[in-house]
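A.B. asks: Listed below are the residues making up each chain.
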Amino acid sequence: MGPERSTRRATLRDGFAVLWVAIKREPRIFALSTVGSLLFGALTVADAWVLGWATEHVVLPAFRDGEIGAGLLWAVLGLFLGVAILRAVGIVARRLGAGVMQYRMQAHYRRAVTRQYLSLPMEWHQRHPTGQLLSNANSDVEAAWGPIAPLPMAVGTVAMMLIAVGQMLLADLMLALIGLLVFPAVIGANLAYQRLASPLMTKAQALRAEVSEIAHESFDGAMVVKTLGREGEETARFAAKAHELRNVSIKAGRIRAVFDPTLAALPNIGVLIVLAVGVSRVLHGQTGAGEVVTVAYLLTIVSFPIRSIGWLLGEFPRSVVGFDRVHTVLDATGEMEYGARRLDGGKSGQPVGGARLDVDHLAYAYDRDQPVLDEVTFTVEPGRTVALVGATASGKSTLTGLMTRLVDPDGGAIRVDGVDLRDLRRGALAESVAVVPQTAFLFDDTVRGNVTLGADIPDAEVWAALRTAQADGFVAALSDGLDTKLGERGTSLSGGQRQRISLARALVRHPRLLILDDATSAVDPEVEARILGALRSGDGDATLVVVAYRKATIGLADEVIFLDEGRVAARGPHDELLERSPDYANLVNAYEQPEAGDGREPQLTGEGR
Amino acid sequence: MSATVAAGTTVETGEEIGAIETLRRGVAFSPELKEGFVGTLLLAVLATLGQVIVPIAVQQTLDRGLNGPDGPDVSFMVSMGLVAGAAILLTSIASYAMTARLFSRAEHGLATLRIKAFRHVHDLPLLTQNTERRGALVSRVTSDVDQISQFLVFGGIMFVVSVGQMLVATVIMAIYSWQLTLVVWLCFLPLFLSLRFFQRKLSDAYGTVRQQVGAMLSAISEPVVGAAVVRSYAVEHRTQARIDEAIARHQSASTRAQGYTAFSFSLGGISAGLANAGVLVIGIWLGFADQITAGEVLAFAFLVTLFVGPVQFGTQILTDAQNAIAGWRRVIGILETPADLVDPGPDGEVLPRGPIDIELREVTFAYPGGPPVLHDVSLRIESGSRIAVVGETGSGKSTVAKLLTRLMDPTSGSVLLDGVDVRDIGDASLRRSVVLVPQEGFLFDDTLAANARYGKLDATDEEIVASAAELGLADWLAGLPRGLRTPVGQRGESLSAGERQLVALLRAHLADPDLLVLDEATSAVDPALEMRIGQALERLMSGRTSVTIAHRLTTAENADEVIVVDRGRVVQRGPHADLVAEGGVYGGLHASWVAQQGK
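Chains as they are written, first to last, in the working numbering: chain A, 1 to 609; chain B, 1001 to 1599.
Hint data in this document are derived by calculation from the structure and do not stem from the laboratory.
The reader is advised that the hints may include incorrect statements.
[What the hints assert, rightly or not] Here are some of the chain B residues that sit facing chain A, going by a computed Cβ distance under 8 Å: (1) 1085; (2) 1111; (3) 1122; (4) 1137; (5) 1217; (6) 1229; (7) 1230; (8) 1238; (9) 1240; (10) 1243; (11) 1262; (12) 1266; (13) 1297; (14) 1436; (15) 1511.
Glycine included, C-beta positions come from ideal geometry on N, C-alpha and C.
Excised from the complex, chain B in its bound form (with noise of 0.2 Å):
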């Protein structure tokens, strides 16, 4: 609510990390993928060494076998032909405990990993959370990570394996000839060194594709959300002609990432060609100076197969990796971002029961890279008193509840409620003493007695009722037909705005606060349900110390005392009758309330 646009710390994109550095953190914060790497590694390498002996039999069973040196060996045969089987049978069963257990610690991982970013996004600062687009925070713990359990359980697994196999394929191959492997890895050198050159291209492209994605979306949404707004000034075409640009620029960005995929994969099968020719005319060379037996040559050629399979699917996982190490940065940047609000956790103040004392030692609060908004401001609220804070939009007085409720903390100075300092107070007992009813009571899809319970977990339905009765609420709540069984909808849609806040009321009455900051609500409803919420709120700050960001004159006139805040510092303070008699800043707000009123 203030003027200034907010400036606010944004979620460190983790942009600047490269590949190993990303994957590295990320198993730090998922520590399930490093459990039994080196068994699942082992099971690997089993399996990989299972395919390299079925093409061996062949050419040992082409080479001893059917070109023996003594005529055919039948026996021989007999017996490679049963290592081979083996082979496959233990190959197979490797590879399946292997896959097993890859999907099960990369799950594992991953859930874990889902789960902290979730918290973290709650224990950021409020200031973070609303500059940052929510659907681009949900993404981070959805999408995001979907698209690193895809790498991992397929990519990831792949990668290894393939890894292992072209250097198990490069071990064997140098064992029949070490000439020819030469000749293999100098065919795939250009490829190998271009990789790096694509990777970048890659990152940049699929970087750009994301971004149009996110700018497709919001466009998508305005006809959407803005259905009312686009028809009754009759923007259809201009609104089609800025979505149509943001799919067109999805579109090219996706072809564009596309062509760069087909050609590095591309390259694999030219090098593929270009090892096949060099072995067979090597392999000859090297046969007429008696280094090689046409054997040989032949299950090298099919050893190369085993090379290059490994190689062309690596280079396509590296393509897709480019998307998960972004996805997996993605949600390393938000774990990585700082939560400004250190809860002093066990070691935290309790603050005794009973109504709060306040007090704003100094207090300066300026947003990130802006003015201060609020200057060097100290006061003391009694406790039990009912305090309304009065000023114009932008003067600082949504800071001040804002400090109180330590959703943010100050620049410099401090809040200190009974003489503690909000800083060190633990946060189940600064959650437990202090409740904020914000502008717009936000409640959950879910009936109206779970909304309510989030006050006070362990409520039951009994004590809601009487939580409402003594608001004046028992009949507004008896006249709901489904009581409180009412589903509130998404947002609490299904409930009118004045409902909304009856019941945020009454989630604040049962959580039983020491401390009530109330964020008075602009919006008008209905006359009647505007008494309620009068009386109820009435009701709820008796016998608690109460700030109330007011923007309504008689919540002003029913307040104890009232505090005016202009341009982030308290002038003028006191009773409503006192302050009006007094003018100043106060008298022109009292003023301009009293001509809206008309006649």
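Just chain A, with the same shape it has in the complex (with noise of 0.2 Å):
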């Protein structure tokens, strides 16, 4: 971690060296796409080879002596032929091999990445945008192995490289010399383009970035944009940087167009120059014409492969960046220990009654000067039913989720039948206390995908919950029953309905212990009586834990916990506490406003205090 690490400069040792983690990690396959490019490099060489022979023992003597063996012209055949049939086995290893190998080691650092996402403390998650988890999964690694596409080409046209020196030097001393400067020239042009074209690359890459954030803010947005009939400064604000992104993107284009045509000039100059000198030296006797073709030749096919090593260098940076940037997920800490505890009931199917919830002397703070909860110490008896009221920031949400172990305390304990829930085992917790947030996620799976989660539960107890919860109604009405999908975070479903279907995810297992977290908001008052009621009269002996904001919710209770900055500031039965504090009075009252149906003239009341 630390941003020194991605904001830093990706050198060249970096780029190799993310490589050399993805070579480690597929040493067979690297292998395999490798001997498959120098195959194809080493057969592009031979074809002009195969080329060069041909003229000076076919072609030429054809030509002088008016007449060929049937076996040499078959020669000719065979050999281009068998070179270029190997070449294709040679590209398809090649191409095949780099992509098995790319897409092998995306998959890899995805299912690692997503091990980490799964396993990282709330705490973690909560310091880190979805936006950006979402990236480090995909487009980061995409980018870490991006360079592993034209690796083994590169590494084929270093081989062919080598070989076509090898062969012009064989060829003729004196022209391969000359030939051979066109290499350090074009890959001198490589790196003054590298040096020139990376900033701006780099600032494309950020302004996307910006184009899509304001993209996906202004369309989760659209409604207010549409209802104030802002479309065209939103437009304006979007086509603001999609001008700038056009406008870095042409600059690194004239760069481009500068580098490109030197790159195919060079080479030709090369053979302009060998052409030149090797003509003079035919002249002289020194060489023959066939040499002089063969260097020249070497040099025009060898001149297009060699900007794949440019095409490598050229994504080492975003490589570096995007490893770097996946490794900062894979480096991150913080894991939960588990005990190896189990509580009785669980798993075994069949509730034993509720679970007895002891909260001991509790402390947790998010920053250290200021402490979301302090000494907080309550006890909640088997089959009881607490209801935890506060104003916001008392911590109720905060205690919900110590109490599901989503988070750890700093101090004192939470403890289910007396175990404390650091000693129980994984997995252990969820068996026998189940949640229900305020806001409800559900799964991109069908109706009884979400219910169950994958747990083996017959149909007819997923409708049992979907009754209690009052969704079965809803659910009986869409068009694949409980194998309807529910799509992306099952958008299509109206937030009561959503409410809904989460609290059936809890109630089809039973719970011990049942913790709803103002889980109930976005329901109709009807729906949320009725549900309220199946509540109360369904698994009667589960612990009910509500935190709640409505009167009929708390009247549920048969105690309240009055939460005020982090402390248990009052606890009792609702109307006993009414009475008691005047704190929780105002706090209750202010919300419900003037009482229905008791007779006064419907009016807002004042200021609470």
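Using the hints, put the two standalone chains together into the complex.
C.D. replies: Here it is, written out as structure tokens:
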């Protein structure tokens, strides 16, 4: 981790280091594709050699003598075709090998990154925005392994260059040395291009992200944009960034426009020089026409693949940045430790009655100076219902998070049936405790999958849970009933419907402790009343903890725990607290405004205090 | 908020149109791509011609210079060298100019396309915006366009040049020997014929890859967005299994596509070998018939490489092009999805200022493919009155709000504001006079002031403060450490839900509408804040016509009149007290509300 890692300038060495990781991980497939590439390289050169050989031994003699043996003709045909077929094999091995290697590395890293997402603590998740984590798993992984695609080609090119150099040296030392000058010239041009273009490309990449951010935000707020008629202003905002991106791209393009012809011209210039020198050497009887042809031809065919080295180096900066970003996720620590204990009644199926909940001198702070929970202590006896009531930021949601061990306390402990949550084995808590959050999260799955979460639960029980959650009606009306796909994050349902599916998910597990974190906030009052009624009369023996604002919900509780600024300010039955604690009375009554149906005229009450 | 799963109109996928048609329509949307195209093409021809001069010079040098009839001709060879040098210079300059022009045209054209598509997304009906995955919409103005850009500036140019080079090489080859040219073309014929087949396969394969990318992203987002649920239900294994499956599917789809690419590319290599051998063998045979010289055969062999290079490169580009064409198709798909709410533009009526009176005339509304949500609703709302619309989930009450603010048009019947059909009112005037405050007050990642100013673009800080004071929010605003400069965070998430609503109300107040439509928020907020919101609402509604989609009893109680919607029909209407006495649907709703209030 650390910012210096992601902002430092990527060097060639870093790029090779990233590639080395991939090579170590997939040595065999790398070897295969490299052999393919070498084959391709060697045979491309062999092509030139065959042409040279055929010129010298077949074409020129044939024209000179006016005759030719059939065997020689077949040899020419066989040589060219054999070389071509082997080369084709090389191409397939190289390209497919590079592809397989690249996609394997992507898959390895995506699996590793998502395993981290699943094991890292909630605090870590809260610090990292969704968009960033998604791009870590997607585009950063892709960027990290981008250079694998041109890698075998580049390795092959290096080999091809070596072979070509050997061939040229064999053909004619002098001409070869002149031809060789093309290679450093091409590499030099490449490096110059990298240096000039890569800052622009980095800038363009950043602008692309900004363009995408604006689009995302603007489409997210489409309703506001539309109803206030601000489409024009939004388009202008987007256009400004799009134009900036365009201008940077054009600038980068201009550099490219210089680079491309230079790269194309260098080998041609080389060929001309080789010809000039070659001709003079032929005139002086120092070499043959075939040798000149061979060297010139080798130069031409090597000039194009040599660009692949440029492509490889060009991918490096992006690759190193992506790899570093992925590694900040992979290197993150803070995984929760689990004990070995289980709770009674977990897994074995039948409920054995409600669980006992002990909250013991609990302390928690996101920020050292501002404790969110301080010395919170209370016990909920099995089968009882307790309402957690408190103003915003009084610590209610933190408390429910601690109860389900999304985070561990800084001090004190939470025990279920006397067992500290930290002593439970992984998964044991979920067997006995279920929470329904305020914001329902639905999986991209069917209704059934969203309720069972893959557990083997008969449909009859699923329907029973849906009925208790007052969701059976609308689910039955869906086109495919339980098999209806709920789409990405269940967007096709209303907020209240989503909450009810989420509630059924908890109920179907017959938890011994059920925690409702303001879980019916988006449900119509009438429906909420029916849910609460069903909860009261249904699985009566589960222990129930509800975070509530509405009096009806609070009325369900045997006891109220009133939280104020992270401490238990008062506890007791609702009626009693109303009389005993003015703060509590203010809080509860302020929300309800005037009691309906008690004869008073409806009116807005004044400011609380 | 309708109980039925909205089957909204979806964005055109554009899958049906072919590659050529895609290009044609794409260019029509980005006219810049056509600008100066002839000039660019001329430059390309020049650049290509130059590329061919070098091998000719080689041939001439060898044939006429080195092996000339009267022995080596040095001066001829020198002049050939100069011609070649000049050709290289010309080619370089021409291809610089061509590349620079193409970059400029392509980027201008694509920026235009991007902006048009962005604007069009906002013009799409809300229904379409909601049914389409947001990520997919964003990708159409970002990565899809980027793909086209990659293709146009690298692939596109190189493809045009490659084809050009291929043709020029063919012409020059034909000048040397039409027979050998025929041989070369015959050798490449199987490749050209198989291209169509591979293109189709590749198109399918890349289509699958893109689908799998979407599926994979959606699987990966589960443990990120739903971290708390995954953890508290201990479904890590199942979640990981689903992700692994999606990753594996993406991997195998990509590998398959790569397989086709590799295979189609290797065919080019085999054809090239065949052509080389054919040229030499047939060349010798022609030589015996005195049709061709040795130098010409050798030069021809050079020309074949000039032909082979572009063919292989062109094949590869066609492969990559499948991705880009698919991207282009998707952007075109967006642009060709009709924006069914047509703005009458400058010919539209302008609403006079002052409270608006509303009339719904036999309004029926059905979501596409669904049953009617509103049946034949007719009602009048006097200007300046305060109306609450109530009804159960799925009754159609939210639809009324969307029709009044023209987020949707009725399937039949009409909505009239001040006696004018909303479809005839100019968009600018409509948005000026009618404001909807949605359930969730969406905020942009900017300061509080910038978000408030969204209601009135030229509002000064003083105006905003004054407006907040009018709503009774002065002390709240003063209590914020950074006041108007408070950054609200992504979607306003640095503020609490209640504070977001306050900003939304402030925004609406600055907009100063004549008709205010409110979709009441249901999520619970801090009671103290709740009261502020109530107070601000009260002040916001005074002096305007207001229609509130009510979820709370008190809202209905405070309204001048309550309209009760049940199963798509208006079943009751009148002041709260009268309706309670009357019983009926409202009586039932009221009873459950009262029960809700608890003791």
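A.B. asks: Does each hint hold? Answer for all of them.
C.D. replies: Quick rundown of the hints versus the structure:
Nearest Cβ of chain A to the Cβ of residue 1085(B): about 7 Å, under the 8 Å cut. The hint holds. For residue 1111(B), the suggested interface contact is upheld, since its CB lies about 4 Å from the closest CB of chain A, less than 8 Å. Checking residue 1122(B) against chain A: minimum C-beta separation of about 4 Å stays under 8 Å; hint holds. A distance limit of 8 Å between C-beta atoms decides the matter here; for residue 1137(B) the minimum to chain A is near 5 Å, and the interface restraint holds.
The beta carbon of residue 1217(B) comes within 6 Å of a beta carbon in chain A, closer than 8 Å, and the hint placing it at the interface holds. Annotation: residue 1229(B) was flagged as interfacial toward chain A, and the flag holds, the nearest CB pair being 5 Å apart, inside 8 Å. Given the 8 Å rule on beta carbons, the hint for residue 1230(B) holds: about 7 Å separates it from the nearest Cβ of chain A. A least Cβ separation of about 4 Å between residue 1238(B) and chain A falls short of the 8 Å threshold, and the interface hint therefore holds.
Taking 8 Å as the C-beta cut-off, the interface hint given for residue 1240(B) holds, the closest approach to chain A being about 6 Å. With a least beta-carbon distance of about 5 Å to chain A, the hint placing residue 1243(B) at the interface is held under the 8 Å criterion. Among the interface hints, the one on residue 1262(B) holds; its C-beta lies about 4 Å from the nearest C-beta in chain A, closer than the 8 Å criterion. A least Cβ separation of about 4 Å between residue 1266(B) and chain A falls short of the 8 Å threshold, and the interface hint therefore holds.
This hint holds: residue 1297(B) has a C-beta 6 Å from the nearest C-beta of chain A, less than the 8 Å allowed. At its closest, the beta carbon of residue 1436(B) sits 4 Å from a beta carbon of chain A; the interface hint therefore holds under the 8 Å criterion. Because the smallest distance between the Cβ of residue 1511(B) and any Cβ of chain A comes to about 6 Å, under 8 Å, the interface hint for this residue holds.
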